[in-house]
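Spelled out, the chains give:
2 protein chains.
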Amino acid sequence: MTHAVVLLSGGLDSTTVAAHAVREGYEVRGLSIRYGQRHVRELDAARDVADALGIPVVEVDASFYAKLADYSALTNAGEYALPQHRGREAMGGDVPITYVPLRNTFFVTLAAATLESWMLGLIEEGSAVPGDLNPAILVGANAIDYSGYPDCRPEFYDSVVEVLRLGSKLGTAYGVTMEIEAPIIEMGKADIVRYASDLGAPLELTWSCYEGGDRPCGSCDSCVLRAEAFAAAGIDDPAMQER
Amino acid sequence: MTHAVVLLSGGLDSTTVAAHAVREGYEVRGLSIRYGQRHVRELDAARDVADALGIPVVEVDASFYAKLADYSALTNAGEYALPQHRGREAMGGDVPITYVPLRNTFFVTLAAATLESWMLGLIEEGSAVPGDLNPAILVGANAIDYSGYPDCRPEFYDSVVEVLRLGSKLGTAYGVTMEIEAPIIEMGKADIVRYASDLGAPLELTWSCYEGGDRPCGSCDSCVLRAEAFAAAGIDDPAMQER
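First to last, the protein sequences are chains A and B.
Be aware that the first sequence starts at 1, since it is given in the working numbering, and climbs by one per residue.
Be aware that the second sequence starts at 244, since it is given in the working numbering, and climbs by one per residue.
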């Protein structure tokens with residue numbers, strides 16, 4: 001039995017991965033993280049997706065994380081002087097404007113803490129034998145995100161697995177390794193759309209738009225990329241239909 | 244120049260490490276984390292210690308973390324059914340009652356995000372050349388904490404350094420490695436007290452007691468261990484003097 005914690009952002013990629021985990025027969029729990037993103041419309045989407053897939057999801061408020069990324073803009077001891085977007089701009093052109101330092105390391109750590117707690121609970125309650133457990137963290141990292149994002153590469157995730165093995169009670173006391181599965185890491189966006197469609201993932205509920213309105217704007221970078229992916233896959237985007 | 248982020252809990256160990264970093268001539272910033280501990284008296288101590296050492300400190304509210312560790316006690320989809328301490332007790336005897344899943348991984352990740360943001364800021368603003376940077380995260384892990392805590396061992400920290408190298412913009416784009424220094428990792432408690440005293444660390448401001456009153460209770464496990472350490476070092480504990 002694979003117990004899986006899926007990092008669920010409410011977007012196309014993580015929804016595909018969650019649907020993949022359900023189809024694989026994993027016992028799945030979702031984790032949704034508020035980390036200071038511009039809007040939380042995508043977290044509503046994550047809840048809707050989880051409901052549609054029949055999996056529980058927990059949302060945690062880690063909005064302080066955006067402030068850490070602004071520590072660079074600290075001008076007075078002990079105070080954050082600048083709001084988030086000014087801090088990012090101050091970092092200049094070489095760092096992608098959407099780069100958030102160590103965000104995936106942070107996300108995977110939270111998923112791993114959730115997963116370890118779950119597994120320790122099962123073991124200590126006598127509901128599971130360590131040798132039978134096969135816990136996994138599922139992430140929606142993919143090849144397109146790779147460019148400019150070091151923490152979307154397979155070797156990065158391999159190194160994280162080693163940290164989790166060495167740094168957890170589960171790994172050191174029980175010999176159980178938490179694996180990281182990134183089932184769409186080698187796929188392009190069109191392949192992901194096709195795979196999600198094959199899985200019957202609830203794509204109509206996903207949210208990719210950078211804006212936070214009732215409907216996707218259709219014109220931001222994320223909407224444009226999504227439209228190109230659906231077009232390349234030859235599939236109509238159900239999230240763009242009149243509901 | 245070494246730029247250092249010190250994880251500052253307000254206790255004896257992290258205060259010693261912060262004083263060590265200041266004495267080494269590092270440019271030091273403190274990071275103090277509320278993660279759902281029983282009381283936040285120690286965070287007041289962290290601020291006082293930082294002031295005494297003349298370093299800035301940022302406190303972040305990650306109190307959701309205690310909830311993640313209770314996910315094991317989840318009985319209803321999407322809801323945390325149990326308060327923190329019942330969740331821990333439910334985990335049984337093999338797991339130390341003070342074990343918090345992957346807490347040090349979590350703490351170091353937050354310190355690393357802070358440090359990377361700081362360094363990227365310096366580089367992008369033109370205030371520093373990557374090759375001149377020598378960033379470090381300082382942690383108060385030590386040999387006594389080792390027992391039962393897998394995430395206090397040197398090999399654990401080595402594996403984290405690799406994750407930070409592979410998963411950061413700083414490591415992959417600029418070739419700058421964030422190191423982890425654990426200057427008291429090989430010391431026993433008495434050695435730490437002696438070293439702290441030699442450094443002139445503000446031990447009178449530190450807080451070790453599990454209770455959250457105005458003065459240490461003197462009788463909890465942590466107070467007893469601390470008293471034994473000071474006695475073994477042959478030094479009076481300044482925090483136990485009448486102020």
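No lab work stands behind these hints, which were simulated from the structure alone.
No experiment lies behind these values; they were computed from the predicted model shown.
Note that the Cβ used here is the ideal one computed from N, Cα and C, for glycine as well.
Please note: incorrect hints may appear among the correct ones.
Claimed, not checked - Which residues of chain A face chain B? A partial, calculated answer using Cβ under 8 angstroms:
(1) 3
(2) 105
(3) 109
(4) 112
(5) 127
(6) 129
(7) 130
(8) 163
(9) 168
(10) 175
(11) 214
Unchecked claim - Now the stretches of chain A that chain B is said to cover, found in silico as 3 or more residues with beta-carbon under 8 angstroms:
(12) 54–66
(13) 131–142
Do the numbers back the hint for residue 214/A, that is, is its least Cβ distance to chain B under 8 angstroms?
-> The hint is violated - residue 214/A has no Cβ within 8 angstroms of chain B, the shortest such distance being about 24 angstroms.
Chain B contact restraint on residue 130/A - CB to CB distance below 8 angstroms | violated, 11 angstroms
Quick check: the stretch 54–66 of chain A, covered by chain B? Criterion 3+ residues, Cβ under 8 angstroms.
-> holds (count 9)
Per the CB criterion, is residue 105/A less than 8 angstroms away from chain B?
-> Nearest chain B Cβ about 5 angstroms off; hint holds.
Verify the interface restraint on residue 129/A: the C-beta must sit less than 8 angstroms from at least one C-beta of chain B.
-> This interface hint is violated because 14 angstroms lies over the 8 angstroms limit.
Minimum Cβ distance from residue 3/A to chain B below 8 angstroms?
-> violated, 11 angstroms
Interface restraint verdict for residue 112/A against chain B (beta-carbon cut-off 8 angstroms) = holds, 6 angstroms
Taking the closest Cβ pair, is residue 168/A under 8 angstroms from chain B?
-> For residue 168/A, the interface hint holds, since the closest Cβ of chain B sits about 6 angstroms away, which is under 8 angstroms.
Taking the closest Cβ pair, is residue 109/A under 8 angstroms from chain B?
-> holds, 5 angstroms
Please verify that hint: residue 175/A, Cβ, nearest Cβ of chain B, below 8 angstroms or not.
-> This hint is violated: residue 175/A lies away from chain B, its Cβ roughly 12 angstroms from the closest one there, beyond 8 angstroms.
Proximity test - 8 angstroms, beta-carbon atoms, the stretch 131–142 of chain A to chain B, at least three hits = n = 0 at 8 angstroms, threshold three: violated.
Hold the hint about residue 163/A up to the distance rule: shortest CB distance to chain B must be less than 8 angstroms.
-> holds, 5 angstroms
Comparing the model with each numbered hint stated earlier shows that hints 1, 5, 6, 7, 10, 11, 13 do not hold.
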